[in-house]
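Please build the complete structure, drawing on both the sequences and the hints.
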Amino acid sequence: MVLYGVAALALCMLVGMIIGDLIGVFVGVDANVGGVGFAMIMLVLVSAWLRRKGLFPKPTEQGVLFWSALYIPIVIAMAATQNVAEAIEGGPMAILAGVAALAAGAALVPVISRIGERSEPLPPMTEEEKMEA
Amino acid sequence: MDLIAGVLERNGLLFAFVVVGAMMLVSGWLSKTLTRGRLQGSAIAIILGLVLAYFGGIQTGGEAGMADIAIFSGLGLMGGAMLRDFAIVATAYGVDLQEIKKAGAAGGLALILGVFVSFIAGAAVAAAFGYTDPESMATVGSGAATYIVGPVTGTAVGASSDVIALSVAAGLVKAVIVMVGTPMIAPLIGLNNPKAAMAYGGLMGTTSGVAGGLAATDKRLVPYGAMTATFYTGLGCLLGPSVFYFALRFLFGG
Numbered sequence: 014m015v016l017y018g019v020a021a022l023a024l025c026m027l028v029g030m031i032i033g034d035l036i037g038v039f040v041g042v043d044a045n046v047g048g049v050g051f052a053m054i055m056l057v058l059v060s061a062w063l064r065r066k067g068l069f070p071k072p073t074e075q076g077v078l079f080w081s082a083l084y085i086p087i088v089i090a091m092a093a094t095q096n097v098a099e100a101i102e103g104g105p106m107a108i109l110a111g112v113a114a115l116a117a118g119a120a121l122v123p124v125i126s127r128i129g130e131r132s133e134p135l136p137p138m139t140e141e142e143k144m145e146a
Numbered sequence: 002m003d004l005i006a007g008v009l010e011r012n013g014l015l016f017a018f019v020v021v022g023a024m025m026l027v028s029g030w031l032s033k034t035l036t037r038g039r040l041q042g043s044a045i046a047i048i049l050g051l052v053l054a055y056f057g058g059i060q061t062g063g064e065a066g067m068a069d070i071a072i073f074s075g076l077g078l079m080g081g082a083m084l085r086d087f088a089i090v091a092t093a094y095g096v097d098l099q100e101i102k103k104a105g106a107a108g109g110l111a112l113i114l115g116v117f118v119s120f121i122a123g124a125a126v127a128a129a130f131g132y133t134d135p136e137s138m139a140t141v142g143s144g145a146a147t148y149i150v151g152p153v154t155g156t157a158v159g160a161s162s163d164v165i166a167l168s169v170a171a172g173l174v175k176a177v178i179v180m181v182g183t184p185m186i187a188p189l190i191g192l193n194n195p196k197a198a199m200a201y202g203g204l205m206g207t208t209s210g211v212a213g214g215l216a217a218t219d220k221r222l223v224p225y226g227a228m229t230a231t232f233y234t235g236l237g238c239l240l241g242p243s244v245f246y247f248a249l250r251f252l253f254g255g
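Just so you know, the sequences run in chain order A and B. To convert a position in the first sequence, counted from 1, into this note's numbering, add 13. To convert a position in the second sequence, counted from 1, into this note's numbering, add 1.
Certain hints may be false.
As the list claims (entries may be wrong) - Distance ranges between label pairs, derived from CB positions:
id, chain 1, residue 1, chain 2, residue 2, range
1, B, T156, A, R64, 42 to 48 Å
2, B, G159, A, G129, 37 to 43 Å
3, A, P72, B, T156, 47 to 53 Å
4, B, M83, A, G67, 28 to 34 Å
5, A, P72, B, M83, 21 to 27 Å
6, B, D3, A, K66, 53 to 59 Å
7, A, L63, B, S161, 51 to 57 Å
8, B, K33, A, R64, 36 to 42 Å
9, A, P136, B, A23, 30 to 36 Å
Said to hold, decoys possible - Here are some chain B residues the structure puts well away from chain A; computed CB gaps all over 12 Å:
id, residue
10, L4
11, L9
12, W30
13, E136
14, G159
15, T207
16, T208
17, F247
18, R250
19, L252
20, F253
What the hints assert, rightly or not - Chain A regions said to be covered by chain B (calculated; three or more residues, Cβ under 8 Å):
id, segment
21, 85-98
22, 122-134
Read the hints as simulated data drawn from the structure, not as lab findings. Think of the CB as a built atom: it goes at the ideal place given N, C-alpha and C, for glycine as much as any other residue.
The following block contains the structure:
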C-alpha cells in the first residue's frame, strides 16, 4: 500500500516538527530547532527497522521515493516564490551582507571537512540517476 | 479567457505542477544545447524560477514572487515550507547513518562557526555602511545568518524598522545567492561528499538556499546538508539577541 509509505513519512515529519518546536520552547526561542533533522533520522531508523522485519515492502517504499523524487520540482517552485524583488531592492548593503556571509562560510568548508574521518566523494551519477534528476 | 483563468485558480496546485514541469523541460533543453550539460538542468530551472519570482514581485508588489499572481498561487503551496520539508525528509530515505555519525562533530562545529561567521560578516558590512550602533549591527548580522533570525534579533534588541527590513533583505540575498552559487563554488571547496555537505549546511544555514543549492549540485547531498541547516535558524535566534548583541555592546558601547 503506497499510502503506508506516505503516512510513515508524514508521521516522522510531524513528530520531528513537534520535537523541534518543543526544543524551541525549552531554550526560549520562537523557532523550530532541528525539526527536519530529527524527522530525517527517525525516518532512516524506522524504515531500516521495518525493512528488517519485512514490514516495508516495495509499494510502501514507493510512497517515500515518490516524494523524494518530487524534491527538485518542489525546490523550483520554492525558487519561483522567493521574495527576490525585496532582496534586490534592499540595495548594496543587503547584497554585500548576504554575499559576505556566503563567502566567509564557503571558505570554511574545506577546513571543517578535514575534521574527523575522511568522507569519500560520492561516485559519479549513473545515467539512470541523471534521468531522475 | 476568464473561464480558463478561473479553472487554473481553482486548481492552483495542479497548474503549479504543469508550470514547473514546463520550466524543467525548458531548462533541461537549455542545459543540453547551451551548456552541453555542464550546468545541470535543475540549476537552470532554479535560476529561471528566481528570475520569474523577481518579475512576479515587481508586478504585484507582493512578497511571494510568482505566487502573488492569482493563477500561479499554487506555486506557493507546492514550494511552501510544508511540502518542501516533507520532500527534504523523504530524501533522507536510504541515507547512510554511518556517514552522519562520521560527520557529527564536524557538522556541530560548522553550525556554531557558521552562525558566528555570518553574524560577524553582516555586522562588519553594517558598520561599513555607517550603522555603527550595536542594535543595528546585531540586527543586520543576524539577517546575514537567515532572514528569520534578523527580525527576531531586531525586535528583541529594539532596532529601527528600516534596519529590520534591511536584515530581511540581507537574509533573502543570502538564500538566493546560495541557491545560484552552490553549484559554481562546489568544485572549489570540495563539496562532493556527505561530510562536506553537512559542513556546508551548517555553515550556510539558510534552509531554502541549501535545499536549492545542493539540489542544483548533486541531489544525493541534500539530506546531509539539510540535516545540519535545520538547526541553524534556532541556534541563530538563540545567540543573536543574547551573546552576539551583548558582545557588540561590550565592544562598541551603547
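Legend entry - Hints the structure fails to honour: 15 and 16
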